[in-house]
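Read top to bottom, the protein sequences are chains A and B.
When the first sequence is numbered by the working numbering, its final residue is 312 and no position is left out of the sequence of numbers.
When the second sequence is numbered by the working numbering, its final residue is 312 and no position is left out of the sequence of numbers.
It should be emphasised that the hints constitute simulated quantities derived from the structure, not laboratory data.
Worth double-checking, as some hints may not be accurate.
[What the hints assert, rightly or not] Here's a subset of chain B near chain A, in silico, CB distances under 8 angstroms, partners left out:
(1) Met52
(2) Glu80
(3) Tyr168
(4) Lys171
(5) Met175
(6) Thr178
(7) Leu179
[Stated by the list, open to error] Straight line, CA to CA, 30 angstroms or less: simulated DSS-like cross-link-like pairs of lysine-lysine:
(8) A:Lys270 - A:Lys291
(9) A:Lys308 - A:Lys291
(10) A:Lys18 - B:Lys258
(11) B:Lys258 - A:Lys82
(12) B:Lys258 - A:Lys60
(13) A:Lys18 - B:Lys262
(14) A:Lys255 - A:Lys291
Just so you know, these numbers come straight off a predicted model, no measurement behind them.
Every residue gets a Cβ at the ideal spot worked out from N, C-alpha and C, and that includes glycine.
Protein chains: 2
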Amino acid sequence: DDNAYFDSYAHFGIHEVMLKDKIRTENYRDFIKNNPNLFKNKVVLDVGCGTAILSMFAARAGAKQVIAIDQSEIIYQAMDIVRENKLDDKITFVKGRLEDVEIPVEKVDVIISEWMGYFLLFESMLDTVLYARDKHLIEGGMVYPDLTTLSLVAVGDMATYADHVRYWDDVYGFKMSCMRTTLLEEASVDFILPGVVMSEPAMIKCIDVTSTNSKDLDFTTDFKLVMTRRDMCTALVGYFDVIFERNCTRTVMFSTGPKAPKTHWKQTIFHFKKPIELSEGEVLAGRISCRKDPKDCRALIVTFNIDRETLKYYVR
Amino acid sequence: DDNAYFDSYAHFGIHEVMLKDKIRTENYRDFIKNNPNLFKNKVVLDVGCGTAILSMFAARAGAKQVIAIDQSEIIYQAMDIVRENKLDDKITFVKGRLEDVEIPVEKVDVIISEWMGYFLLFESMLDTVLYARDKHLIEGGMVYPDLTTLSLVAVGDMATYADHVRYWDDVYGFKMSCMRTTLLEEASVDFILPGVVMSEPAMIKCIDVTSTNSKDLDFTTDFKLVMTRRDMCTALVGYFDVIFERNCTRTVMFSTGPKAPKTHWKQTIFHFKKPIELSEGEVLAGRISCRKDPKDCRALIVTFNIDRETLKYYVR
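Construct all of the structure, not just a fragment, from the sequences and the given hints.
Next comes the structure, spelled out in structure tokens:
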């Protein structure tokens, strides 16, 4: 029954949110529309097609055939949508896990997918795109988006710190320290006001979707954040950028960072238990490791090592 | 693993939201604090205790003993919280479904519970409170809140209608009628701007928690909404009020209606597929039926009969 629930409204509601995220959907649309040479007479695979909006953009751009695959019940809505728009001669649906099913062509020329999750890698759908690339893409075929980057900034935001961390010191006159400890282990997904950013961004991962491998998606890297002003640093914040570039007549990119227009991905916030005082020009150096949670393959475990302290968070 | 997820962050996050809902928590606090005569030296049962905030209010008001029961893992946090506040001699925890477990006393003097869900009855936790009342409450004992009411108003909100209903006519140049049909079956939980209300409220259900029975919670009733201005009616909106009154020195009440301060329950919106034009003073008469979804006992099926049309919605 839980599955029935997740396969009905929960999924349909999220598709409404994703369609209405104009930064996401319009950038995909613009990439496809402004680069018709990539799609004209091509066989295209849309991995995790949802409502089939990307498949329809590709069909409208002149694709010869689009294979649209999704394992969710949303695919039945997508079939209706494609029929309603008279594109059912161009778009073929496959319901199932890509790793488990056959698709009606042996090879495709182009793979498109909107696979990004919170902190880029939540939900691990990129693994499926890489599997599709290795199995179904012709030699020299293209995968879009072709490049994504993951970045960190430091933020100084004592108001949010008070609300999220100090709050538990006095909850209607009671102390709730254990709630603070438990909730601090969870990364928050929320919007950061641009004004609270107190460092330059530091890129911690660049994924070339054409060449990366699944095992590279668990990674550890050092980072250095250079402060742009003096403040109490209360959290690190992660976000990603998406780039459509290779072979494109017109490059398209968008950012989910705190200074860019809002998207449904918001930003991912790793709150500190104790703020760190930092001066302008000072460098906060550390190491970040990001890996799949072995207990929940959709979730991520993100660990920071800063100043001999280890801070562990779940993104889920 | 899904259960592990729901029993960890999902549940803990909702408890943060509920604690931070000041209308909810402060009204419970004020009721308990301002009516110490109801709690002094009494044995109190807190049904669905969560973080045990109500149990601690009761202990602080002089309760002799509080039994706090919850089936969620949150109860382990509650145990820590109560120890941290040195109330563990007053508050006794029981983990489990109330219907399945023994409690350490035979009878209690007072039952307190915050059992209300979206559209009052979503999640059906009132059934558990009624079970507790019938099994554990002494003759003449009290249950709080003792009164709740469920009401409807008509709203005229063409902007939301455009965003929610007409949106699907042209999604980046494509039609998605089936998404409209599917999403219209789902009641939305969201805030209504007070300005869009276009009728007097009509009460559709009054629940006296001291005397009602589980079977009364599935109900059908006629309603009449008197328009306060001429407009296109685009939706009906449901909300509830909560009253602590019986034997109280000071009555406490709060509303979750569109004209009251915001709560985490927001309002429940039943969008029309087609707006209905109505004049000032005109009456929109209909019948509403509300029952548990036999396929998902937490969910509700709400059916309206208006003008020979039947509109069916899920609250889930």
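Here is what the structure says about each hint:
Taking 8 angstroms as the C-beta cut-off, the interface hint given for B:Met52 holds, the closest approach to chain A being about 5 angstroms. The closest approach between the C-beta of B:Glu80 and any C-beta of chain A is roughly 5 angstroms, which is under the 8 angstroms cut-off, so the hint is satisfied. Checking B:Tyr168 against chain A by beta carbon gives a least distance of about 6 angstroms; that is within 8 angstroms, so the hint holds. The criterion of a C-beta within 8 angstroms of any C-beta in chain A is met by B:Lys171, whose closest approach is roughly 5 angstroms, and the hint holds.
Checking B:Met175 against chain A by beta carbon gives a least distance of about 6 angstroms; that is within 8 angstroms, so the hint holds. Of the supplied interface hints, the one on B:Thr178 holds, with its beta-carbon coming within about 6 angstroms of a beta-carbon of chain A, less than 8 angstroms. Restraint check, B:Leu179 versus chain A: the minimum CB separation of about 6 angstroms is within 8 angstroms; hint holds. The hinted pair formed by A:Lys270 and A:Lys291 meets the criterion: a straight-line CA distance of about 28 angstroms does not exceed 30 angstroms.
In summary, the hint linking A:Lys308 to A:Lys291 is supported, as the alpha carbons are separated by about 15 angstroms, within the 30 angstroms threshold. Distance hint between A:Lys18 and B:Lys258 is fulfilled; the C-alpha atoms sit about 28 angstroms from each other, no more than 30 angstroms. Distance hint between B:Lys258 and A:Lys82 is unfulfilled; the C-alpha atoms sit about 45 angstroms from each other, more than 30 angstroms. Pair hint B:Lys258 plus A:Lys60 does not hold up; C-alpha atoms about 52 angstroms apart against a cutoff of 30 angstroms.
Taken as a hint, the A:Lys18 and B:Lys262 pair is honoured in the structure, with Cα atoms around 26 angstroms apart against an allowance of 30 angstroms. Restraint check: the Cα-Cα separation between A:Lys255 and A:Lys291 comes to about 34 angstroms, which exceeds 30 angstroms; the hinted pair is violated.
Against the hints set out earlier in the document, violations occur for numbers 11, 12 and 14.
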